[in-house]
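Spelled out from the first residue to the last, the chains are:
There are 2 protein chains.
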Amino acid sequence: MTASNLDGMIISNPVNIRYLTGLTSEGTLLIEPKGNIFITDSRYLEAVNSFLTIDQEIVAYDIRSLNKYDYESFFAGCENVGFEEGYVTYEMYKAYLRTYQVNLVETERIIELHRMVKEEEEIDNVKRACMITDRCFEHLKDFIKVGMTEKEIAYEIEKFMKLNGADGLAFDTIVATGPNSSMPHAIPTDRKVEPKDIIQFDFGCKVNGYCSDFSRVLFVGEITEEEERVYNFVFNEYDYILKNLTEGLDTKELFKKCEQDYKDKEFDLLHSFGHGLGLDIHEEPILSSKHDIKLKKNMLITVEPGVYVPSKFGIRIEDTVLINKNGANTLTKSGVAICKIRG
Amino acid sequence: MTASNLDGMIISNPVNIRYLTGLTSEGTLLIEPKGNIFITDSRYLEAVNSFLTIDQEIVAYDIRSLNKYDYESFFAGCENVGFEEGYVTYEMYKAYLRTYQVNLVETERIIELHRMVKEEEEIDNVKRACMITDRCFEHLKDFIKVGMTEKEIAYEIEKFMKLNGADGLAFDTIVATGPNSSMPHAIPTDRKVEPKDIIQFDFGCKVNGYCSDFSRVLFVGEITEEEERVYNFVFNEYDYILKNLTEGLDTKELFKKCEQDYKDKEFDLLHSFGHGLGLDIHEEPILSSKHDIKLKKNMLITVEPGVYVPSKFGIRIEDTVLINKNGANTLTKSGVAICKIRG
Numbered sequence: 133m134t135a136s137n138l139d140g141m142i143i144s145n146p147v148n149i150r151y152l153t154g155l156t157s158e159g160t161l162l163i164e165p166k167g168n169i170f171i172t173d174s175r176y177l178e179a180v181n182s183f184l185t186i187d188q189e190i191v192a193y194d195i196r197s198l199n200k201y202d203y204e205s206f207f208a209g210c211e212n213v214g215f216e217e218g219y220v221t222y223e224m225y226k227a228y229l230r231t232y233q234v235n236l237v238e239t240e241r242i243i244e245l246h247r248m249v250k251e252e253e254e255i256d257n258v259k260r261a262c263m264i265t266d267r268c269f270e271h272l273k274d275f276i277k278v279g280m281t282e283k284e285i286a287y288e289i290e291k292f293m294k295l296n297g298a299d300g301l302a303f304d305t306i307v308a309t310g311p312n313s314s315m316p317h318a319i320p321t322d323r324k325v326e327p328k329d330i331i332q333f334d335f336g337c338k339v340n341g342y343c344s345d346f347s348r349v350l351f352v353g354e355i356t357e358e359e360e361r362v363y364n365f366v367f368n369e370y371d372y373i374l375k376n377l378t379e380g381l382d383t384k385e386l387f388k389k390c391e392q393d394y395k396d397k398e399f400d401l402l403h404s405f406g407h408g409l410g411l412d413i414h415e416e417p418i419l420s421s422k423h424d425i426k427l428k429k430n431m432l433i434t435v436e437p438g439v440y441v442p443s444k445f446g447i448r449i450e451d452t453v454l455i456n457k458n459g460a461n462t463l464t465k466s467g468v469a470i471c472k473i474r475g
Numbered sequence: 133m134t135a136s137n138l139d140g141m142i143i144s145n146p147v148n149i150r151y152l153t154g155l156t157s158e159g160t161l162l163i164e165p166k167g168n169i170f171i172t173d174s175r176y177l178e179a180v181n182s183f184l185t186i187d188q189e190i191v192a193y194d195i196r197s198l199n200k201y202d203y204e205s206f207f208a209g210c211e212n213v214g215f216e217e218g219y220v221t222y223e224m225y226k227a228y229l230r231t232y233q234v235n236l237v238e239t240e241r242i243i244e245l246h247r248m249v250k251e252e253e254e255i256d257n258v259k260r261a262c263m264i265t266d267r268c269f270e271h272l273k274d275f276i277k278v279g280m281t282e283k284e285i286a287y288e289i290e291k292f293m294k295l296n297g298a299d300g301l302a303f304d305t306i307v308a309t310g311p312n313s314s315m316p317h318a319i320p321t322d323r324k325v326e327p328k329d330i331i332q333f334d335f336g337c338k339v340n341g342y343c344s345d346f347s348r349v350l351f352v353g354e355i356t357e358e359e360e361r362v363y364n365f366v367f368n369e370y371d372y373i374l375k376n377l378t379e380g381l382d383t384k385e386l387f388k389k390c391e392q393d394y395k396d397k398e399f400d401l402l403h404s405f406g407h408g409l410g411l412d413i414h415e416e417p418i419l420s421s422k423h424d425i426k427l428k429k430n431m432l433i434t435v436e437p438g439v440y441v442p443s444k445f446g447i448r449i450e451d452t453v454l455i456n457k458n459g460a461n462t463l464t465k466s467g468v469a470i471c472k473i474r475g
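From first to last, the protein sequence lines stand for chains A and B.
Under our numbering, think of the first position of the first sequence as 133, with each following residue one higher.
Under our numbering, think of the first position of the second sequence as 133, with each following residue one higher.
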């Protein structure tokens, strides 16, 4: 904050509040010269007070107990108070101006940028989420039978992850069979698995709020020549990216090369090659040729090249990946060879 | 829009886009003099084009195909273009100004206010969600046994609703046993149901995107005198509110009276008496003595008085309610008499 020339900051994004304090209750965190304040409402006050420790130096207030003068006193003497312009709505922004009577300054996602490099404890949580995800995929290979619907399979995924230690889902599970797989963001339908189908999975879970993200395809019995050709292309992109990721890398050039590969084969590039993840499933950075990113040790990202053949099928391979001093590790570890199931 | 003196509008809130068009894909809807435009990205384009019908008069664009001049042409000749100040972040607001080169005007939640009064089809979806919710509660009375954890019961609720026709949950399920029930927004824990426990439930599901919302308590074997006294107070508030709700009512006075009842008994009022619901679990209006609301036929709201005795227990009764010409109906229909289970 000192570097950004801020005398205080209003933190409204609940994920940033959780990151900084551990608090999961609704409220607003004020960082001000005299100390830290958490304004919550009466529904949460008991939970907040039992969670906070003296070391955290946070005083919790019930929003109903605060009047106009309390609000104006919080940042008294502050010249520039930061706010989260990427989270705060225009309506909230105007309300903050009225309520706190201060000069509000954009903070250019300082907390989000800080969140890009993970602490050991954060990495451990993601590792645990990835282990559950891998075990779930292994379970699916036996579980899936011809005739099951996409919805039934998606439900099994959610159940398995929750009963095996996940707090919840990291995002809406994708199970897309046959031609449904040609849409990267397919929603599970009542379509039943058929012999010779391709099945695209994209799922992940949370452990202590931290996400995993993972995609694979399974082939029911057979794989066509066209599917195999596309699979090998996607796999080669995936493998090439993984082998090049390491601390210090400027990712722009890497992804320019990948984009050229897509152009050479006349495949459409429908989404980026990956994204950061942590308490949010999509965090900084975005991995594409349009973003200037220099990788740092302990960043957590996804690698997820995909090719979609309209109305026919799609193939995406995705792992959650930890950036190291000399290279990168996948934290989801399921095999990436072409996998056929009996069905 | 004509009444609001707008020449066009940028609609960014996905729930409003779904309400107006049925589209569930990510994107931005532009209402402009020449027609309607949906700007989406390549991941969704195939799904969007297969969903749209000619009657909808919406043209879908891939965001990558649009340049600076396209954006500036969309609202060419428009003086005032509305935006959703309660949804759009300050960062998006500034980007819209740069991109569309128009005068942006706050729209004071016109779409949200329009959403308050429901169409028949919307009410049918909520009714179906409520039926599933009621059936789930009936199932729980047999299912719950002493020794089960809050998490296990919450999981059963989710499973039951999804396997019985729900698209998904309307919000995070609350199962709070014993003293955990004293927090209105308790998160399910590993605490096990004990004899003589009180169990507070708050759950709901979605059907075609439309929500139900429902709270009840169950008593394991016994009920204490204090619990019975509080239950009867909450029940009387619930009953009084329900009997008075009807088209044309100004709710402010009704809830002032209820607030006075809380004061008379020295109970804290930790949350409002209810809220609108529909595609969102919390919609306009808010029901409290601080909000001037005139009820209209086919509004859908919750009625949910609750009393919380710190560190001891809490009791909330809640139904999803339809406002009629002469009165109001609960759409969740589970009984509200004190209910003891064997456990």
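There's no promise every hint is true.
As the list claims (entries may be wrong) - Here are the in silico distance ranges between beta carbons for each label pair:
1) A:SER197 with B:LYS426: 49 to 57 Å
2) A:HIS423 with B:PHE367: 41 to 49 Å
3) A:THR185 with B:ASP396: 32 to 40 Å
4) B:TYR394 with A:GLU238: 51 to 59 Å
Said to hold, decoys possible - Derived lysine-lysine pairs resembling DSS-like cross-links, with alpha carbons at most 27 Å apart:
5) A:LYS226 with B:LYS422
6) A:LYS277 with B:LYS429
7) B:LYS465 with B:LYS429
8) B:LYS465 with A:LYS294
9) A:LYS294 with B:LYS395
10) A:LYS384 with B:LYS200
11) B:LYS426 with B:LYS395
12) A:LYS200 with B:LYS384
13) A:LYS200 with B:LYS465
14) B:LYS273 with A:LYS291
Derived from the structure by calculation, the hints contain no laboratory data.
For glycine and all other residues, C-beta sits at the position ideal for the given N, C-alpha and C.
Hint check:
1. Roughly 31 Å separates the CB atoms of SER197 of chain A and LYS426 of chain B, a value that falls outside the hinted 49 to 57 Å.
2. At roughly 57 Å, the beta-carbon separation of HIS423 of chain A and PHE367 of chain B lies outside the given 41 to 49 Å, and the hint is violated.
3. Between THR185 of chain A and ASP396 of chain B the Cβ separation comes to about 38 Å, which falls inside the hinted range of 32 to 40 Å.
4. Taken as a hint, the range 51 to 59 Å is violated for the pair TYR394 of chain B and GLU238 of chain A, whose Cβ atoms sit roughly 42 Å apart.
5. Our distance criterion of 27 Å between C-alpha atoms is met by LYS226 of chain A and LYS422 of chain B, whose separation comes to about 21 Å.
6. Distance hint between LYS277 of chain A and LYS429 of chain B is unfulfilled; the C-alpha atoms sit about 49 Å from each other, more than 27 Å.
7. Taking the CA atoms of LYS465 of chain B and LYS429 of chain B, the gap is about 20 Å. The hint holds against a cut of 27 Å.
8. Proximity of LYS465 of chain B to LYS294 of chain A is assessed by CA-CA distance (about 30 Å); at most 27 Å being required, the pair is judged violated.
9. As the CA atoms of LYS294 of chain A and LYS395 of chain B are separated by approximately 42 Å, the hinted pair breaks the 27 Å bound.
10. The hinted pair formed by LYS384 of chain A and LYS200 of chain B meets the criterion: a straight-line CA distance of about 24 Å does not exceed 27 Å.
11. For the hint linking LYS426 of chain B to LYS395 of chain B, the alpha-carbon distance of about 25 Å falls within 27 Å, and the restraint holds.
12. Between LYS200 of chain A and LYS384 of chain B the alpha-carbon distance is near 24 Å, which keeps this suggested pair within the 27 Å criterion.
13. Taken as a hint, the LYS200 of chain A and LYS465 of chain B pair is broken in the structure, with Cα atoms around 43 Å apart against an allowance of 27 Å.
14. A C-alpha spacing of about 22 Å is found between LYS273 of chain B and LYS291 of chain A, which places the hinted pair at or below 27 Å, so the restraint holds.
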